[in-house]
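S.K.: As a plain string of letters, each chain reads:
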Amino acid sequence: MSLHDATSLGDSVLFRTAAEWWVRLREIEDDPDTLAQWIAWCEADERHIAAFEQVSEFAAEMVNLDGAGRERLIRRFDVGIARRWQYLAAAAALVLGLAFGAYAGWKHYFPEAPWQVYASATAVNREIDLADGSHVVLGGASQLRVRLSAERRSIELQSGEAFFRVAHDSRREFTVRTGRISIHAVGTAFDVRHSGERVQLIVAEGRVRLSSDDGSWGLGPSSRPALFVDAGQKVVFDPSASQLSFSSATAQQATSWQEDRLEFIDEPLASVVANVNRYASPPLVISTAELNTLTFTGTVYTNSIDGWLSALPQAIPVEIVRSADKVTLVKSDRAKR
Amino acid sequence: MIDRNPTPPLDRLRSSTERSEPTHISHVARLFSEHNRSLIAFLYSKLNSLADAQEVAQETYVRLLRLGEPERISFQKALLFRVAANLCVDRIRMRRVREQAEAEETLDQSQDRRLPEDPEMGYEKMRIVQRALAELPAKTSRAFVLHVLEGKDIASIAKTLNLTARMVRYHIANALAYCRTRVEEGKKS
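Listed in order, the protein sequences are those of chains A and B. So in the working numbering, spot 235 of the first sequence is number 235, and the numbers just go up one at a time. Numbers given in the working numbering equal positions in the second sequence, counted from 1, plus 1000.
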């Protein structure tokens, strides 16, 4: 083995180590010893810090990458993003195929202040006035929590549906977080429906900006271009169906539930049932897994859910089985063995 | 070639802390001469901008000089790095807030914005990086792209890829070293 080979081998080990240090230093907030160890490594040999500087230089170029090149790499090597979404002004429906991983934990970056929790009972819509002047209408069996601070207004819609009319305050962004999505508004009106992992957003007035906590769909906190949703737009995030879709919707569709009409367009039955259950007693249960992904389009009047159930078998292949404590939906052409 | 060891701006530091004791200043000066290179390297790896790294380093030294009661505080490198790390976190947070605010204001423009000081990577370099990532195992490239290009944190990547955090770091480091080596080889040819 020549001297050159020996040097190359040593070099590759050196740069591999330097690269590992670069990665470890990225999140040292979790481990203070790492920094001390890194300093010791740097001081051990001058080639160490030189290698670290060179690796950092390359890494910085990659981190700062922008434009088409960045998009191309993301598209090609992150299987989770098949196509980079681009915002279109026209009210066209877009569907992106996306693969999702498990739910990512959410880190609390907010200053310490108590959360104010609001919940509503089944079949009861509840109106809430927030301290900043914003107005929220909470749907049946829904829950959200609110934290207003000097710097920001944070809402977490934990379940169900809520319509937000956000008081204008350019100093404090109003952020509604539900599922893995955050909706940022300055002064606007929009509806959010959260069922399972599926989130539906309809903007009635103004404009909101979307982001996701773990950067999925390329919607990191500093994503470029930023993803905006305008009035008259509806966005559906459905991780289980690998779907991110855009369509148009009227402001009225955003608020029809406040007038006892739940409107669904191509909604998976599991989601329909989850939402109807916020107004139904006894609750509906889907017994056949296949039914979950059947899509349903129609209107459910929350004060005549029975009527809807009676008519449902005409629209989709289900049988309704009623018992004392629940109503079960069973697939109707299920073979009896 | 980036000049990582500029002449120490001690005169400027001195004038900003007229009330500091002479021993105080010499403590900080010693820290500077012994550790400035690693401090800048550390800050650069966090901030990905040499200008920002130098600014934060500057602020760090100023802060240390302003710390009261120099007899009680022994100026160790741990303090130097801790102050710098905190300033780093603040700066990154401020960056995010500023980017969000800018995104809110400029509603109509297409958002293909780039920081003025960061040049776009050359076309040839990009091709080499792309080829290098293709040569690596899929999980390795994906972990790299998720963290370095999309800014996802290690914990969430670990969940996405169903790996331990340690393995995620391992993959990212592999990809980083490999792509860099490829690019360097490309420069030589």
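No lab work stands behind these hints: they were computed from the structure. Being a predicted model, the structure only gives us computed values, none of them experimental. Note that the Cβ used here is the ideal one computed from N, Cα and C, for glycine as well. A hint or two may mislead.
Simulated crosslink set (EDC-like; lysine to aspartate or glutamate; CA at most 20 Å straight-line) [said to hold, decoys possible]:
1) B/Lys1125 <-> A/Glu71
2) B/Lys1187 <-> A/Glu29
3) B/Lys1125 <-> A/Glu53
4) B/Lys1159 <-> B/Glu1099
5) B/Lys1077 <-> A/Glu46
6) B/Lys1188 <-> A/Asp11
7) B/Lys1125 <-> A/Asp66
8) B/Lys1187 <-> B/Glu1135
9) B/Lys1139 <-> A/Asp45
10) B/Lys1077 <-> A/Asp31
11) A/Lys331 <-> A/Asp306
12) B/Lys1077 <-> B/Glu1102
13) B/Lys1187 <-> A/Glu173
14) A/Lys331 <-> A/Glu319
15) A/Lys326 <-> A/Glu259
16) B/Lys1188 <-> A/Glu57
17) B/Lys1125 <-> A/Glu61
18) B/Lys1077 <-> A/Asp45
19) A/Lys326 <-> A/Asp306
20) B/Lys1139 <-> B/Glu1124
21) B/Lys1139 <-> A/Asp11
22) B/Lys1125 <-> B/Glu1135
23) B/Lys1077 <-> A/Asp33
24) B/Lys1188 <-> A/Asp31
25) B/Lys1125 <-> A/Asp45
26) B/Lys1159 <-> A/Glu27
27) B/Lys1125 <-> B/Glu1055
28) B/Lys1187 <-> A/Glu20
29) B/Lys1159 <-> A/Glu57
30) B/Lys1077 <-> A/Glu29
31) B/Lys1187 <-> A/Glu57
32) B/Lys1077 <-> A/Glu61
So the derived label-pair ranges between C-beta atoms look like this [to be verified]:
33) A/Glu197 <-> B/Ala1138: 17 to 27 Å
34) A/Glu43 <-> B/Lys1188: 51 to 61 Å
35) B/Arg1098 <-> A/Glu57: 46 to 56 Å
S.K.: All the hints need checking, so say for each whether the structure fits it.
M.R.: Each hint, compared with the structure:
1. With a C-alpha separation of about 15 Å, the suggested pairing of B/Lys1125 with A/Glu71 holds against the 20 Å cut-off.
2. Of the pairs offered as hints, the one joining B/Lys1187 and A/Glu29 is violated, with about 36 Å between alpha carbons and a cut-off of 20 Å exceeded.
3. With a CA separation close to 19 Å, the supplied pair B/Lys1125 and A/Glu53 stays within the 20 Å bound.
4. A hinted pair counts as satisfied when its Cα atoms are at most 20 Å apart, and B/Lys1159 with B/Glu1099 does not qualify at roughly 27 Å.
5. The hinted pair formed by B/Lys1077 and A/Glu46 meets the criterion: a straight-line CA distance of about 18 Å does not exceed 20 Å.
6. A distance of roughly 16 Å separates the Cα atoms of B/Lys1188 and A/Asp11; the hinted pair therefore holds under the 20 Å criterion.
7. Distance hint between B/Lys1125 and A/Asp66 is fulfilled; the C-alpha atoms sit about 14 Å from each other, no more than 20 Å.
8. The straight-line distance between the Cα atoms of B/Lys1187 and B/Glu1135 is roughly 19 Å, inside the 20 Å bound, and the hint therefore holds.
9. At most 20 Å may separate the alpha-carbon atoms for a hinted pair to count; B/Lys1139 and A/Asp45 exceed this at roughly 33 Å.
10. Straight-line distance between C-alpha atoms of B/Lys1077 and A/Asp31 comes to about 17 Å, which keeps the hinted pair within the 20 Å bound.
11. A distance of roughly 18 Å separates the Cα atoms of A/Lys331 and A/Asp306; the hinted pair therefore holds under the 20 Å criterion.
12. At most 20 Å may separate the alpha-carbon atoms for a hinted pair to count; B/Lys1077 and B/Glu1102 exceed this at roughly 37 Å.
13. In summary, the hint linking B/Lys1187 to A/Glu173 is not supported, as the alpha carbons are separated by about 46 Å, beyond the 20 Å threshold.
14. Taken as a hint, the A/Lys331 and A/Glu319 pair is honoured in the structure, with Cα atoms around 6 Å apart against an allowance of 20 Å.
15. As the CA atoms of A/Lys326 and A/Glu259 are separated by approximately 25 Å, the hinted pair breaks the 20 Å bound.
16. The hinted pair formed by B/Lys1188 and A/Glu57 meets the criterion: a straight-line CA distance of about 17 Å does not exceed 20 Å.
17. Of the pairs offered as hints, the one joining B/Lys1125 and A/Glu61 holds, with about 10 Å between alpha carbons and a cut-off of 20 Å not exceeded.
18. With a C-alpha separation of about 18 Å, the suggested pair B/Lys1077 and A/Asp45 falls inside the 20 Å cut-off, and the hint holds.
19. Among the hinted pairs, A/Lys326 with A/Asp306 is consistent with the structure: their alpha-carbon atoms are about 12 Å apart, no more than 20 Å.
20. Taking the CA atoms of B/Lys1139 and B/Glu1124, the gap is near 24 Å; set against the 20 Å cutoff, the hint is violated.
21. The straight-line distance between the Cα atoms of B/Lys1139 and A/Asp11 is roughly 25 Å, outside the 20 Å bound, and the hint therefore fails.
22. Using a Cα cut-off of 20 Å, the hinted pair B/Lys1125 and B/Glu1135 holds, with the two alpha carbons roughly 15 Å apart.
23. With a C-alpha separation of about 13 Å, the suggested pairing of B/Lys1077 with A/Asp33 holds against the 20 Å cut-off.
24. Using a Cα cut-off of 20 Å, the hinted pair B/Lys1188 and A/Asp31 is violated, with the two alpha carbons roughly 38 Å apart.
25. Restraint check: the Cα-Cα separation between B/Lys1125 and A/Asp45 comes to about 30 Å, which exceeds 20 Å; the hinted pair is violated.
26. The suggested pairing of B/Lys1159 with A/Glu27 holds, with an alpha-carbon distance near 16 Å, which does not exceed 20 Å.
27. Between B/Lys1125 and B/Glu1055 the CA atoms are separated by roughly 29 Å; this puts the pair beyond 20 Å, and the hint is violated.
28. Annotation: proposed proximity of B/Lys1187 to A/Glu20 is violated, straight-line Cα distance about 23 Å (limit 20 Å).
29. The hinted pair formed by B/Lys1159 and A/Glu57 fails the criterion: a straight-line CA distance of about 28 Å is larger than 20 Å.
30. Note on B/Lys1077 and A/Glu29: the hinted pairing holds, with a Cα-Cα distance of about 17 Å set against a maximum of 20 Å.
31. Of the supplied pair hints, the one linking B/Lys1187 and A/Glu57 holds, its CA atoms being roughly 15 Å apart against a limit of 20 Å.
32. Note on B/Lys1077 and A/Glu61: the hinted pairing is violated, with a Cα-Cα distance of about 28 Å set against a maximum of 20 Å.
33. In this structure the supplied range 17 to 27 Å holds for A/Glu197 paired with B/Ala1138, their Cβ-Cβ distance being about 25 Å.
34. A C-beta distance of roughly 30 Å is found between A/Glu43 and B/Lys1188, which places it outside the suggested range of 51 to 61 Å.
35. Distance hint for B/Arg1098 and A/Glu57: a CB-CB separation of about 24 Å, inconsistent with the stated range 46 to 56 Å.
When the structure is compared with the earlier hints, violations turn up for hints 2, 4, 9, 12, 13, 15, 20, 21, 24, 25, 27, 28, 29, 32, 34, 35 and for no others.
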